[in-house]
Amino acid sequence: AQSVTQPDIHITVSEGASLELRCNYSYGATPYLFWYVQSPGQGLQLLLKYFSGDTLVQGIKGFEAEFKRSQSSFNLRKPSVHWSDAAEYFCAVGAKEYGNKLVFGAGTILRVKS
Amino acid sequence: ETGVTQTPRHLVMGMTNKKSLKCEQHLGHNAMYWYKQSAKKPLELMFVYNFKEQTENNSVPSRFSPECPNSSHLFLHLHTLQPEDSALYLCASSQPRQGLGGANVLTFGAGSRLTVL
Numbered sequence: 266a267q268s269v270t271q272p273d274i275h276i277t278v279s280e281g282a283s284l285e286l287r288c289n290y291s292y293g294a295t296p297y298l299f300w301y302v303q304s305p306g307q308g309l310q311l312l313l314k315y316f317s318g319d320t321l322v323q324g325i326k327g328f329e330a331e332f333k334r335s336q337s338s339f340n341l342r343k344p345s346v347h348w349s350d351a352a353e354y355f356c357a358v359g360a361k362e363y364g365n366k367l368v369f370g371a372g373t374i375l376r377v378k379s
Numbered sequence: 007e008t009g010v011t012q013t014p015r016h017l018v019m020g021m022t023n024k025k026s027l028k029c030e031q032h033l034g035h036n037a038m039y040w041y042k043q044s045a046k047k048p049l050e051l052m053f054v055y056n057f058k059e060q061t062e063n064n065s066v067p068s069r070f071s072p073e074c075p076n077s078s079h080l081f082l083h084l085h086t087l088q089p090e091d092s093a094l095y096l097c098a099s100s101q102p103r104q105g106l107g108g109a110n111v112l113t114f115g116a117g118s119r120l121t122v123l
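Keeping their order, the protein sequence lines are chains A and B. So the number in the working numbering is just where the residue sits in the first sequence, counting from 1, plus 265. So the number in the working numbering is just where the residue sits in the second sequence, counting from 1, plus 6.
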């Protein structure tokens with residue numbers, strides 16, 4: 266069965282420090298990969314997506330993610346975190362073979378300390 | 007108004023009440039979704055509608071009844087809920103992109119926070 270793992274439930278980083286959020290997936294097909302962000306009291310906003318091609322994708326708000334097929338990973342990175350990045354981040358995976366339904370990870374809560 | 011709009015944003019109901027959640031999208035999408043978001047659990051897909059037809063019911067209890075009168079509107083009718091149904095209910099829409107192998111990019115609403123007493 267398809268699954269998505271975000272190993273870190275909480276991460277705390279200092280403002281200005283770099284950030285990496287981990288995402289691993291188990292999928293028996295060529296995956297489409299997404300990162301969404303959710304601020305308190307809000308819905309999910311798409312940060313970036315990977316369908317094919319260049320494995321390093323750029324997103325909004327200065328985020329990027331790299332697809333590594335050999336490691337079944339799609340980690341999210343940002344070189345310098347801002348206080349406004351504090352939110353919950355969700356990795357999601359889909360595939361045409363599964364009717365394009367998305368499977369979400371459990372989320373990683375990012376705290377930013379000044 | 008643009009995007010995906012959900013009403014009400016907050017709802018408190020007793021176990022014997024009947025209420026409905028509403029979702030409206032102004033994006034011209036043809037697919038709409040209901041997700042349940044509970045604390046410390048991954049998002050759970052509940053229902054999917056494509057061109058007003060239900061294409062997915064993810065073993066959701068019958069006390070949740072969806073309705074999709076057209077491609078822009080989606081309702082979730084609630085009846086005889088249990089306290090464990092308290093959660094954030096998220097609506098999303100998408101427009102399948104055939105040119106990219108049909109990958110769905112979901113646009114979410116802000117959610118309806120439901121509390122069942």
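Take the hints with a grain of salt, since some may be wrong.
As the list claims (entries may be wrong) - Taking lysine-lysine and the BS3-like style, the derived pairs with C-alpha atoms no more than 25 Å apart in a straight line are: (1) K58(B) to K28(B); (2) K25(B) to K333(A); (3) K42(B) to K366(A); (4) K28(B) to K361(A); (5) K46(B) to K378(A); (6) K58(B) to K42(B); (7) K361(A) to K25(B); (8) K46(B) to K314(A); (9) K47(B) to K314(A); (10) K58(B) to K366(A); (11) K47(B) to K58(B); (12) K24(B) to K366(A); (13) K28(B) to K366(A); (14) K58(B) to K25(B); (15) K314(A) to K42(B).
Claimed, not checked - Over the 12 Å line for every Cβ pair with chain B, so calculated as not near, a few chain A residues: (16) Q271; (17) I276; (18) V278; (19) E280; (20) A282; (21) E285; (22) K326; (23) K333; (24) S338; (25) N340; (26) P344; (27) H347; (28) S349; (29) E353; (30) A357; (31) S379.
Keep in mind the hints are simulated off the structure, nothing from the lab. Yeah, the Cβ is synthetic: ideal placement off N, Cα and C, and Gly gets one too.
So is N340(A) really clear of chain B, every C-beta pair being over 12 Å apart?
Holds, because the least Cβ-Cβ distance between N340(A) and chain B comes to about 18 Å, which exceeds 12 Å.
Checking a non-interface call: every C-beta of chain B should be farther than 12 Å from the C-beta of P344(A). Is that right?
Its Cβ never comes within 12 Å of chain B, the nearest being 25 Å, so this holds.
Please confirm whether S379(A) is truly not at the interface, meaning its C-beta sits more than 12 Å away from all C-beta atoms of chain B.
S379(A) clear of chain B: closest Cβ-Cβ about 27 Å, beyond 12 Å.
I276(A) clear of chain B by more than 12 Å, beta carbon to beta carbon?
16 Å, holds
Test the statement that S338(A) is away from the interface with chain B: the closest C-beta pair must be farther apart than 12 Å.
18 Å, holds
Using Cβ atoms and 12 Å as the threshold, tell me whether E285(A) really stays out of contact range of chain B.
Per Cβ check, E285(A) is outside 12 Å of chain B; nearest 21 Å; holds.
Mind checking the alpha carbons of K58(B) and K366(A) for me, to see if they're no more than 25 Å apart?
17 Å, holds
Any Cβ of chain B at or closer than 12 Å to E280(A), or is the non-interface label fine?
About 26 Å separates E280(A) from the closest Cβ of chain B, which puts it past 12 Å; holds.
Is the hinted pair K42(B) and K366(A) satisfied, with a Cα-Cα distance of at most 25 Å?
Given pair K42(B), K366(A) holds - Cα atoms ~15 Å apart, limit 25 Å.
Is it true that the CA of K25(B) sits at most 25 Å from the CA of K333(A)?
This hinted pair is violated, its Cα atoms lying about 45 Å apart.
Is Q271(A) truly not at the interface, in the sense that its beta carbon sits beyond 12 Å from all beta carbons of chain B?
9 Å, violated
Minimum Cβ distance from E353(A) to chain B greater than 12 Å, as the annotation requires:
10 Å, violated
Checked against the numbered hints above, the structure breaks hints 2, 4, 7, 11, 12, 16, 29 and 30 and satisfies the rest.
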